[in-house]
Amino acid sequence: MKRKVCVVTGSRAEYGILRNLMSAITSDPDLTLQVIATNQHLSKLQGETYKEIERDGFTIDYKVYMADDEAPDNANTTAKAISRGVSGFADAFDALQPDLLLILGDRYEMLAVASTALIYKIPIAHLHGGEITEGAFDDAIRHAITKMSHLHFTSTEAYRKRVIQLGEQPDRVFNVGALGVENVLKNDVMSKEEIERSLNFMISDKCFLCTYHPVTLSNMSSETQVLNLLEALDDYQDHHIIFTYSNSDTNSQIIIKRIQEYVDKNQGRCMFIPSLGQRRYFSALKHMTAVIGNSSSGIIEVPSFGIPTLDIGDRQKGRIAADSVIHCGYSKEEIREGLKMVVAYGHKIIDNPYYKEGTCDAILKVISTCPLDNIIQKHFHNL
92 MKRKVCVVTG
102 SRAEYGILRN
112 LMSAITSDPD
122 LTLQVIATNQ
132 HLSKLQGETY
142 KEIERDGFTI
152 DYKVYMADDE
162 APDNANTTAK
172 AISRGVSGFA
182 DAFDALQPDL
192 LLILGDRYEM
202 LAVASTALIY
212 KIPIAHLHGG
222 EITEGAFDDA
232 IRHAITKMSH
242 LHFTSTEAYR
252 KRVIQLGEQP
262 DRVFNVGALG
272 VENVLKNDVM
282 SKEEIERSLN
292 FMISDKCFLC
302 TYHPVTLSNM
312 SSETQVLNLL
322 EALDDYQDHH
332 IIFTYSNSDT
342 NSQIIIKRIQ
352 EYVDKNQGRC
362 MFIPSLGQRR
372 YFSALKHMTA
382 VIGNSSSGII
392 EVPSFGIPTL
402 DIGDRQKGRI
412 AADSVIHCGY
422 SKEEIREGLK
432 MVVAYGHKII
442 DNPYYKEGTC
452 DAILKVISTC
462 PLDNIIQKHF
472 HNL
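Per the working numbering, the very first residue in the sequence shown carries number 92; after that it's consecutive.
Only true hints are included.
PhoX-like, lysine-lysine: derived pairs with alpha carbons at most 25 Å apart: (1) K283 - K439; (2) K171 - K238; (3) K408 - K447; (4) K238 - K456; (5) K439 - K277; (6) K154 - K93.
Please keep in mind that the hints were generated in silico from the structure rather than gathered at the bench.
Required output: the full structure, derived from the provided sequences and hints.
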């Protein structure tokens, strides 16, 4: 009987990382792919990006609604979304009866998934454990998911050691590199003209790509942070800017509102889009001067394009980063200094610490062959 591997995805960025692995699972004669779409994918405000999954030819086996587009953008709404998620995933697991759950990262919807799977005694394979992002509650969620998981796929050896430090058995922790970096090499690239036609936007020789997410543990308001960024970007009137939406964390809507206002005032120079999709995103990166904001992609995938990243604030604080990643604080002055540095950086060959050959194949081998009997009851590994 084929092993049923259930992949849960809640955001456009995460799906872009998982897509090639999902295709590989579909092609494996010993595996059956199940797909659950949730949270951001099902939100109208976030662009209903589940449609991108379907356009790629995947069948969504279950939809778990978490986001409430009509609710205030605050902690109460986020907490209630987790509650809806637990309830929905319980129904999904009853219906699908997966043999193995595959999840990535550190977002609150994955906390709901993992918590439910724990009660259902479904083994969890977790990608990107062991990483640190001190500025967001994602950091605690990631480590909590590690303790609920049974197979671990880390993106560097340092992160593998950290997962073992958390008490996980070394023979179940695999340093495979980052899927997103491998996807860069496999991506079917669009021409500059194709990108411009699809966006109805000109990509000039000087162009930034900007994504700014809420910093959920910061004492500075998200509104102040994004306004500081936008004011600093005013110094670069000769640069075109592609903004993509924030994720659905608490206070994302005020960031989206302020960026939309900025784009409305700078039409022709700036554009705002919920999601570029992985193919268009990677294709566009080849023509960017720099990536600006606080997205994990700026740390993990962008160095493979030979361009710099300006990483603002504490959201990614603690992550291993290539030399091309320039860190700065939240103030207008600090962002201005950071922008000067990335503009001067140019294009270079960059050693990406997240690259490892054969990432997808290494994960596929483990999830297709690892015995799942007696894997649920774990033993703490003491160093």
